[in-house]
Amino acid sequence: MAEVAQGAAAASAVVTLNNVSKRFETSSGTVQALKDIQQSIQPGEFVGIVGPSGCGKSTLLRILCGLEKPTEGAVVWGKGEEPRMGVAFQDHRLLPWLNIEQNIALTKLMRGKASSADLEQARALCKLVGLTGFEKRSPSELSGGMKQRTSVARALFTQPELLLLDEPFGALDALTREQITADTEEIWMNKGFAALLITHSISEAVHLSDRVIVMSARPGRVVAEFKIDLPRPRTNELGSPEFAKLCSDIRAKLEL
Amino acid sequence: MGKLAIQIGAVIGFFLLWKGYVHFGEVSPLVLPPPEQVLTALIRLLQDPETYYHLYITLMECVGGFLFAIIFGTLIGQVLGRVAILDTIFKPFVIALQVTPKVALIPLFIVWFGFGLESKIIVSAVLGFFPVFANSYLGAKSVDRGLAEVFAVGRAKQSRRFRLLVIPSSLPYILTGMEMAIVLSIIGAVVAEFVAGTRGLGFLAMHKLNELEVDTLFAVVLVLATIGFTLYFAVGSLRKFLIPWHESANKVTL
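In order, the protein sequences belong to chains A and B. Numbering of the first sequence is given in the numbering used here, commencing with residue 112 and proceeding in unit increments. Numbering of the second sequence is given in the numbering used here, commencing with residue 265 and proceeding in unit increments.
Next comes chain A alone, as it looks inside the complex (with noise of 0.2 Å):
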């Protein structure tokens, strides 16, 4: 019975990764990054993997967008084929010789040219990022916050059903971390897609996600997983009891 109702879950997902395995080879020897991953992301399902350096999240995000491939297992995509997807990364990776508006609409400038529709999408997703008024600036004019909201709106443009996002606010001040933090939530409730945050901080975890993956070091493993339950917008609940349960619990799980 619970076999069959994994296979319809599998089924239903966006992507299930089918016992994937990750190892590199080094000149000091074979780094074993990922080792049995047994995953499913559901549509719509917000996904947080917490994990301490070296534990090979990255890795597991790189292998998703088509960067690496695993070593053992499949990635198996829930239609068949893979779903628009988009990615932030750690660093925001914007072309110092494109404007704003250009650089959110990349992915469509690196198959051909944009349209007046495209760039007038790229203008809407300025605003929704909280960025009107520098559709045409350059990259190199934008504090770093503003870069990293850049990079998620350029994520945003292919209308992914799969976000992918690899510590896209780790560089930034804690303050402007919280904003951008509280504001994905909102674009994610509104938006309805399915994402994957790779992140060093529970809290952050905690916060956007609907279930936290806790994995370990060397063979990157999963570990533990939480159900995420706190009611949305978790903005306000970032001082509550609960709120501090989920992220002691994780902790403990971490230092394991």
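Hints are computed from structural coordinates only; laboratory data are not their basis. Where a beta carbon is used, it is the ideal one built from N, C-alpha and C, also for glycine. Treat the hints with caution; some may be incorrect.
To list a few chain B residues with every Cβ distance to chain A over 10 Å, as calculated [to be verified]:
(1) LEU306
(2) LEU339
(3) PHE357
(4) LEU361
(5) ILE370
(6) LYS421
(7) VAL487
(8) PHE505
Some chain A residues close to chain B (C-beta under 7 Å, calculated; not the full set) [stated by the list, open to error]:
(9) VAL198
(10) PRO207
(11) THR218
(12) PHE354
For chain A, the structure is supplied; the task is to place chain B on it using the hints.
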């Protein structure tokens, strides 16, 4: 006192020293003419229509050679920078070309391409080639990995990747190579004219030397220096138009 005032003062001081040395040292004007004599020679030279013919020839040679240097330096640099097997095959030849004193090849180029403009353009191109090549090569290898990943994730078309990523990444390097190349291209053209010129400013300089008109020789050198200055700054100012987003756009490298 401003920087400019100091610099103007230094230049005036230089001419005073020159004048003083010639005057009190009783230096023969055949060795070092006094500055005012050079100035009169320069005015005479600039009034002579034939000067502009020589100027035109030298400009054609060095700009022509420079353009070839840009085209081949950029292309070969980009190709070797990105195709490992070609890099392995051709690198020894490129290095050999660089370490050979290229002016020693001038007689050979004259045998191959004659005494006309062609041999001068070739010498100028060969001298200007290496800095453009080396910087283009470096530029091709310096495409940011993070940005390249963004293009890989977005399944970019090759042509668009080239246009949006590779060219803009390489341009700051290529422009640096061009700034170095323009100076070398001028040297190439002038030296080729020394050796086998029948016209051009290099030929004119040799001609004036043979006639012991040292003051006019100085004047020709001044004209050449002005060409170098103008072309160098013209190339340098391309930065502002081609790579306004780059830190170097508002700096003049010296």
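Taking the hints in turn, this is what the structure says about them:
At the 10 Å boundary, the C-beta of LEU306 (chain B) stays outside the reach of chain A, the nearest C-beta of that chain being 44 Å off. With a least CB separation of 21 Å from chain A, LEU339 (chain B) remains clear of the 10 Å interface cut-off, as annotated. With a minimum CB-CB distance of about 32 Å to chain A, PHE357 (chain B) clears the 10 Å threshold, and the non-interface call stands. For LEU361 (chain B), the condition that its CB be more than 10 Å from all CB atoms of chain A holds, with the nearest at approximately 32 Å.
Distance to chain A confirms ILE370 (chain B) as a non-interface residue, since its nearest Cβ pair spans about 41 Å, more than 10 Å. Not every CB of chain A is more than 10 Å from the CB of LYS421 (chain B) (nearest about 6 Å), against its label as outside the interface. Residue placement check: VAL487 (chain B) keeps its beta carbon more than 10 Å from all beta carbons of chain A (closest about 38 Å). Against chain A, the non-interface label of PHE505 (chain B) holds: every CB pair exceeds 10 Å, the least being about 13 Å.
A least Cβ separation of about 5 Å between VAL198 (chain A) and chain B falls short of the 7 Å threshold, and the interface hint therefore holds. A cut of 7 Å between beta carbons decides the hint on PRO207 (chain A): the least distance to chain B is about 5 Å, and the hint holds. Contact between THR218 (chain A) and chain B, as hinted, is supported at the beta carbon level, the nearest pair being about 5 Å apart and thus within 7 Å. Taking 7 Å as the C-beta cut-off, the interface hint given for PHE354 (chain A) is violated, the closest approach to chain B being about 33 Å.
Checked against the numbered hints above, the structure breaks hints 6, 12 and satisfies the rest.
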